Amino acid sequence: MNLSTEQRHTIDGLYRSLDADDTGTAVSVIVKTRGETCDIDCLYCYEKRKEAPGGARVSADQIRRLADIFKGRKLAVELHGGEPLTAGREHIGAILAELAGLPQVVRVSLQTNGVLLDADWLDMFDTLCPDLRIGISLDGDAQGNAWRVGYDGKPVYPRVAAALNLLAERGRSVGVIAAVTPAVLDRAEEVLDHLAGFGSVNAISFVPCFDSTIRRSTALPSRRKSASRLLQQAAVNAADGPAWAIHPDEYAQFVLAATAHWISAGHFARIKLEPAVSTIRRLRGLTTGFCHFSDLKCDHVFTLYPDGRLGSCDELPWPQARLTQLESTADEHEVVRAQQDSLLLNQAKALMDKCTTCDYRTSCGGGCIATRWRQDSADDHDAYCEYRMRMIDGVAALLAQPGHPAGAWCQSVRWHPRTPNSMRDVNAFLTSWDNPDLVGNEVRLHTSEHGNINTVGLAGVHEADDLTPAHPMWQAAIEPGVWPLVDTVTRAWGLVTYDSCQGHQYTGTNLAPTELRIGLLARDRQEYARAAAALCRAATLANALMPAGIEVNVSRSELTCESTGTTTPVLDLSLAPGPGQGWDGYFARLCEAAAVLAAALDAERPTGGTTCACPLPVPTEVADGVLR
54 MNLSTEQRHT IDGLYRSLDA DDTGTAVSVI VKTRGETCDI DCLYCYEKRK
104 EAPGGARVSA DQIRRLADIF KGRKLAVELH GGEPLTAGRE HIGAILAELA
154 GLPQVVRVSL QTNGVLLDAD WLDMFDTLCP DLRIGISLDG DAQGNAWRVG
204 YDGKPVYPRV AAALNLLAER GRSVGVIAAV TPAVLDRAEE VLDHLAGFGS
254 VNAISFVPCF DSTIRRSTAL PSRRKSASRL LQQAAVNAAD GPAWAIHPDE
304 YAQFVLAATA HWISAGHFAR IKLEPAVSTI RRLRGLTTGF CHFSDLKCDH
354 VFTLYPDGRL GSCDELPWPQ ARLTQLESTA DEHEVVRAQQ DSLLLNQAKA
404 LMDKCTTCDY RTSCGGGCIA TRWRQDSADD HDAYCEYRMR MIDGVAALLA
454 QPGHPAGAWC QSVRWHPRTP NSMRDVNAFL TSWDNPDLVG NEVRLHTSEH
504 GNINTVGLAG VHEADDLTPA HPMWQAAIEP GVWPLVDTVT RAWGLVTYDS
554 CQGHQYTGTN LAPTELRIGL LARDRQEYAR AAAALCRAAT LANALMPAGI
604 EVNVSRSELT CESTGTTTPV LDLSLAPGPG QGWDGYFARL CEAAAVLAAA
654 LDAERPTGGT TCACPLPVPT EVADGVLR
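Quick note, this note's numbering runs 53 ahead of the 1-based positions in the sequence shown.
To be clear, the hints were calculated from the coordinates, so they are not data collected in a lab.
Because the structure is a prediction, the values reported are computed rather than measured.
From the three backbone atoms N, C-alpha and C, an ideal C-beta is built for every residue, glycine too.
Among these hints, one or two may not hold up.
[To be verified] No farther apart than 16 Å at their CA atoms in a straight line, the calculated lysine to aspartate or glutamate pairs in the EDC-like style are these:
no.	residue 1	residue 2
1	Lys-124	Asp-384
2	Lys-207	Asp-92
3	Lys-407	Glu-439
4	Lys-103	Glu-368
[Stated by the list, open to error] So the derived label-pair ranges between C-beta atoms look like this:
no.	residue 1	residue 2	range
5	Thr-409	Asp-72	13 to 23 Å
6	Thr-410	Pro-455	44 to 54 Å
7	Gly-319	Asp-384	48 to 58 Å
8	Asp-179	Asp-114	17 to 27 Å
9	Leu-511	Asp-72	18 to 28 Å
10	Gln-579	Glu-495	26 to 36 Å
11	Ala-280	Gln-579	50 to 60 Å
12	Leu-511	Lys-407	32 to 42 Å
13	Ala-565	Gly-661	29 to 39 Å
14	Arg-160	Gly-661	49 to 59 Å
15	Pro-600	Leu-511	27 to 37 Å
16	Arg-223	Lys-407	42 to 52 Å
17	Gly-618	Lys-207	49 to 59 Å
Could you build all of it, start to finish, from the sequences and the hints given here?
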């Protein structure tokens, strides 16, 4: 993509640019303590692909200089690698002591492979930085760690497992970063149970190996190739790209399986699972510190190398991600100018332009800029968005029906929140629905010139009284174009409707046209699961018979109770214009489409269990999870 460095992008809520004069937000600094130098040789290591000079170490003086540049702003510092512990205890001790003396440093973490971790290291951490957050890199069980080897080509898993057990003995809690490769696909439950079995583990982050664009093995400073590099060369030369790489849809399937098991096995009580937790928080309208789901993306993440290079996120390609040189940078304003002039960052932000109109914008948060950039280079950028949507749909299903996890595999029922979507008192409404004696007499029914039935008789979204089938004005309160569908789902299906609309074209007004829809409110999670599955089956049947240009959509959303502020999972059934279809054609065929949908609903019932029309995931074939 060709983009001038002068172009600026304002993507509200998705990507916040760094403002040197607004110091209210922290920045994260990934300190490459030894550059790419490491005591093991993982075949998929992205840091070693940068071929940066090895052997040097980030100094305490450089840490102090970093703090001077970002004076007045909070810093979250992560000692990273390569392997930071190869810098030695004395050197790491000096860095920790420097960080401890900087009031603006709000968090210090260490990401290590765990091979060198022992009691002496932990004693030093307890003395100099008792709040140090430790992260361990481990891809699940021994089979899953097939790509994590020493230079001799032998597995390092036993030594890392020993480190985790030592941490448990010392009462330390750690997070594990686990790469999702073909060695763990279709084994999410087994891998999650294995990691949860370590008493020290209280957080697990499953990260994908989207490395399909890698086509050459990592360069070496000498001609002699280690056993590990020979293994890497063989893996890179696989017919479909690196043998450790996975496709986005495989990752989505793994995450959903892991999340379902995390819930059903009760691991959620002790272990934070990513990206599940951040997805849940965004679905609930909450914020998260995970940059893939936050607007604090690459402009708020920096990487410092031993030679003084200060750049953006370490997952972005180097040297393009380089911003400035530490020793020659006066202040944060210079860093901001370098970001604004960065061709790479401008290109990456441009990839998010389509996020601004995406229905999943508020729940997805735009994802990872670096991954978007790589997927675009691989001409597979749509796959990235599709995986994000698939993951959000599945997690939304698990939240709504945790006792029926098969709903996570439904690809017909999508997450599509409606705003506004509220009711005065949800519990009172549900109680009155099943108790005719509680039906009120007062009702305000007025019809607009465009067919809207509400309390004021005006077009558009306005308050409508919440009636139940026992009310004598029940049918009169339903717009006639949607009545056959409402009658079927309430009488034949026995479900509760909280909203309905026959669709309105609003000719001659400034109002946007609206589609035909019905909102369903389940009495409990079991009924919700049965209703979702039945709607999927009915929609699949109806879509095969729909007139051209119209499609049936089933959506998950939440209904807010105005009196309590709580939310309840709901289902929405609608007839929508198909891709490229205009509203005139939609309304010309809407009656025919509604009749097709009514017949499909009449042929189904929510008593047919929780099996929907979508196939369960097909296991990925893995060659015994070993390197070939």
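Hints and how they fare:
1. Lys-124 <-> Asp-384: holds, 8 Å
2. Lys-207 <-> Asp-92: Measuring from Cα to Cα gives roughly 13 Å; hence the hint holds.
3. Lys-407 <-> Glu-439: holds, 13 Å
4. Lys-103 <-> Glu-368: With a Cα-Cα distance of about 10 Å, the restraint between Lys-103 and Glu-368 holds, given a limit of 16 Å.
5. Thr-409 <-> Asp-72: 13 to 23 Å: Given a distance of about 20 Å, which is inside 13 to 23 Å, the answer is holds.
6. Thr-410 <-> Pro-455: 44 to 54 Å: Violated - the Cβ-Cβ distance for Thr-410 and Pro-455, about 32 Å, lies outside 44 to 54 Å.
7. Gly-319 <-> Asp-384: 48 to 58 Å: With a Cβ separation near 50 Å, Gly-319 and Asp-384 satisfy 48 to 58 Å, so the hint holds.
8. Asp-179 <-> Asp-114: 17 to 27 Å: Holds, at about 25 Å.
9. Leu-511 <-> Asp-72: 18 to 28 Å: violated, 43 Å
10. Gln-579 <-> Glu-495: 26 to 36 Å: Taking Cβ atoms as reference, Gln-579 and Glu-495 lie about 34 Å apart, which means the hint holds.
11. Ala-280 <-> Gln-579: 50 to 60 Å: Hint holds: Cβ distance 55 Å, inside 50 to 60 Å.
12. Leu-511 <-> Lys-407: 32 to 42 Å: holds, 35 Å
13. Ala-565 <-> Gly-661: 29 to 39 Å: Roughly 37 Å apart at Cβ, these two residues keep to the hinted range, so it holds.
14. Arg-160 <-> Gly-661: 49 to 59 Å: Check passed, 51 Å falls within 49 to 59 Å.
15. Pro-600 <-> Leu-511: 27 to 37 Å: holds, 31 Å
16. Arg-223 <-> Lys-407: 42 to 52 Å: Because 48 Å falls inside the window, the suggested range holds.
17. Gly-618 <-> Lys-207: 49 to 59 Å: holds, 57 Å
Going down the numbered hints, you'll see the structure goes against 6 and 9, while the others check out.
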